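J.: Residue-level listing of the chains:
There are 2 protein chains.
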Amino acid sequence: MPRIVDAEQRRRELAAAVWRVIRRDGVTGASVRAVAREADTSMGALRHWFATQDALLRFAMLLVTERARARIEAVVGDGPLLPSHVLAVLEETLPLDDERRAEAEVWLALVARALVDPDLAALRDRAAADLHGLCSAVVVALTEAAEEPLGVDVPLEAERLYAVLDGLALHALTRPAALPADRARAVLEAHLAGLRGTPSIVPPSERGNGR
Amino acid sequence: MPRIVDAEQRRRELAAAVWRVIRRDGVTGASVRAVAREADTSMGALRHWFATQDALLRFAMLLVTERARARIEAVVGDGPLLPSHVLAVLEETLPLDDERRAEAEVWLALVARALVDPDLAALRDRAAADLHGLCSAVVVALTEAAEEPLGVDVPLEAERLYAVLDGLALHALTRPAALPADRARAVLEAHLAGLRGTPSIVPPSERGNGR
DNA sequence: CGGAAAGTAGCACGACTGTGCTATCAACAG
DNA sequence: CTGTTGATAGCACAGTCGTGCTACTTTCCG
Chain A
1 MPRIVDAEQR RRELAAAVWR VIRRDGVTGA SVRAVAREAD TSMGALRHWF
51 ATQDALLRFA MLLVTERARA RIEAVVGDGP LLPSHVLAVL EETLPLDDER
101 RAEAEVWLAL VARALVDPDL AALRDRAAAD LHGLCSAVVV ALTEAAEEPL
151 GVDVPLEAER LYAVLDGLAL HALTRPAALP ADRARAVLEA HLAGLRGTPS
201 IVPPSERGNG R
Chain B
1 MPRIVDAEQR RRELAAAVWR VIRRDGVTGA SVRAVAREAD TSMGALRHWF
51 ATQDALLRFA MLLVTERARA RIEAVVGDGP LLPSHVLAVL EETLPLDDER
101 RAEAEVWLAL VARALVDPDL AALRDRAAAD LHGLCSAVVV ALTEAAEEPL
151 GVDVPLEAER LYAVLDGLAL HALTRPAALP ADRARAVLEA HLAGLRGTPS
201 IVPPSERGNG R
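Residue numbers (the UniProt record's numbering), protein chains in the order written: chain A, 1 to 211; chain B, 1 to 211.
Just so you know, these hints were derived from the structure itself, not from any lab.
Keep in mind that the hints are not guaranteed to be accurate.
Calculated from the model, a selection of chain B residues having no Cβ within reach of chain A, i.e. all distances over 10 Å [claimed, not checked]:
id, residue
1, G44
2, F50
3, A128
4, G167
5, L170
Derived contacts from chain B toward chain A, CB cut-off under 7 Å, selection only [said to hold, decoys possible]:
id, residue
6, V76
7, A109
8, A177
9, A190
None of these values were measured; they are calculated from a predicted model.
Beta carbons: idealized from backbone N, C-alpha and C, even for Gly.
Build out the structure end to end from the sequences listed, making use of the hints.
T.: Written as structure tokens, this is what we have:
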């Protein structure tokens with residue numbers, strides 16, 4: 001057989017097959033055989049790239065965080081976190097289109113498994129720490145940009161923003177009919193408006209400044 | 001063998017064994033044999049009460065919602081939703097002690113499975129609709145109690161409160177060290193303060209009129 | 001050309017899976 | 001007493017599971 005030009009690429013292809021199986025049959029259905037079949041290869045080939053099933057699932061989970069991180073960095077770039085970019089950045093963690101929805105489904109399945117799998121829990125904790133840090137940065141960026149100094153409890157507001165973010169992600173994922181993409185965006189935007197010093201609770205006369 | 005006095009009680013005992021297995025080994029480990037062993041009974045006895053494994057998991061999930069609902073009703077009672085009870089009511093959905101933590105773990109595991117199991121999805125959707133309704137009622141109760149009328153987008157604020165609630169639940173469950181019980185409570189309380197018309201973010205000139 | 005290495009294929013094993021099924025036991029009705 | 005029902009026990013079947021392992025093909029290096 002032809003040499004694989006890029007080993008990492010091959011591993012990503014197989015992990016993509018894991019994603020498809022998890023989305024179709026859940027993490028329970030992600031057996032070695034099912035993944036090999038989905039990837040149109042053999043058990044032996046699969047085990048050549050991943051010694052155990054746990055390693056396979058670990059890599060599949062790692063891929064979720066990597067992709068989200070890449071999208072976020074593509075938006076924010078190297079520079080500082082601009083208030084004008086905040087909504088776009090945080091949106092990248094919500095399941096608002098098919099690609100991000102796929103990631104969120106896999107993420108939820110693996111986070112649940114992480115409750116009883118220390119390896120997956122470690123990956124989850126690292127991602128959580130990253131997102132929590134991002135939320136802190138967002139709170140700082142928004143409050144610093146306010147015209148007059150706001151009395152903000154930054155750690156608390158970061159925690160609250162993080163909760164809104166993951167809560168929206170969970171609900172947009174599990175109740176897409178009740179919380180479609182644009183509505184999830186609107187809720188997030190309203191929350192960010194509050195952090196900007198413009199309380200989300202405003203008289204009707206001032207409402208209607210869509211995103 | 002002695003007749004079972006209360007069939008429902010027996011089913012609850014078996015479902016409790018399901019909970020213990022799910023908490024220890026995840027939903028993957030909740031096989032018929034494992035549950036029977038945990039409940040200290042036989043496969044035959046288990047199958048006498050639950051015809052299939054799906055029925056067993058369905059009942060275990062139903063039990064989570066039932067218990068949460070019972071606790072909430074115990075707090076709010078028959079009367080109207082008083083602003084003074086709002087925090088205590090919403091707290092009942094957070095994993096702030098061992099009992100509620102157990103429910104949340106089982107809930108997360110089964111919600112993940114619900115992504116590929118229509119029966120569980122139906123239970124999840126019903127619970128979500130209930131909680132969403134509760135959040136709406138909370139928003140209405142708090143804004144109506146405000147001294148001056150606030151321009152509140154009730155559906156949007158309900159959605160945001162629901163997101164905060166489930167986000168906090170998820171984080172308190174998966175990152176208990178980063179978000180201990182009293183801190184989760186504090187974040188929720190800060191959010192409710194905002195709904196009361198006392199924004200969590202206030203200009204320095206208006207500060208000092210405590211929560 | 002020959003050998004090493006990369007990659008693929010898939011069998012074998014022992015363990016586990018859900019469910020159908022029968023057998024057994026306890027308790028009550030008649 | 002007998003007969004019926006509730007409840008338990010556990011075997012049998014036909015699979016699937018993860019992984020160890022060998023065999024094989026293809027590619028590259030010297």
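J.: A separate judgement is required for each hint: does it hold in the structure or not?
T.: Hints, one by one, checked against the model:
1. G44: Label holds. Min Cβ-Cβ 24 Å, cutoff 10 Å.
2. F50: Given that every Cβ of chain A is farther than 10 Å from that of F50(B), nearest at about 18 Å, it holds.
3. A128: About 6 Å separates A128(B) from the closest Cβ of chain A, which leaves it inside 10 Å; violated.
4. G167: Not fine: 3 Å to the nearest Cβ puts G167(B) too close to chain A.
5. L170: violated, 5 Å
6. V76: At 22 Å from the nearest chain A Cβ, V76(B) fails the 7 Å test, so the hint is violated.
7. A109: Hint holds; A109(B) Cβ to chain A Cβ min 5 Å, cut 7 Å.
8. A177: violated, 9 Å
9. A190: holds, 6 Å
The earlier numbered hints that this structure contradicts are 3, 4, 5, 6, 8.
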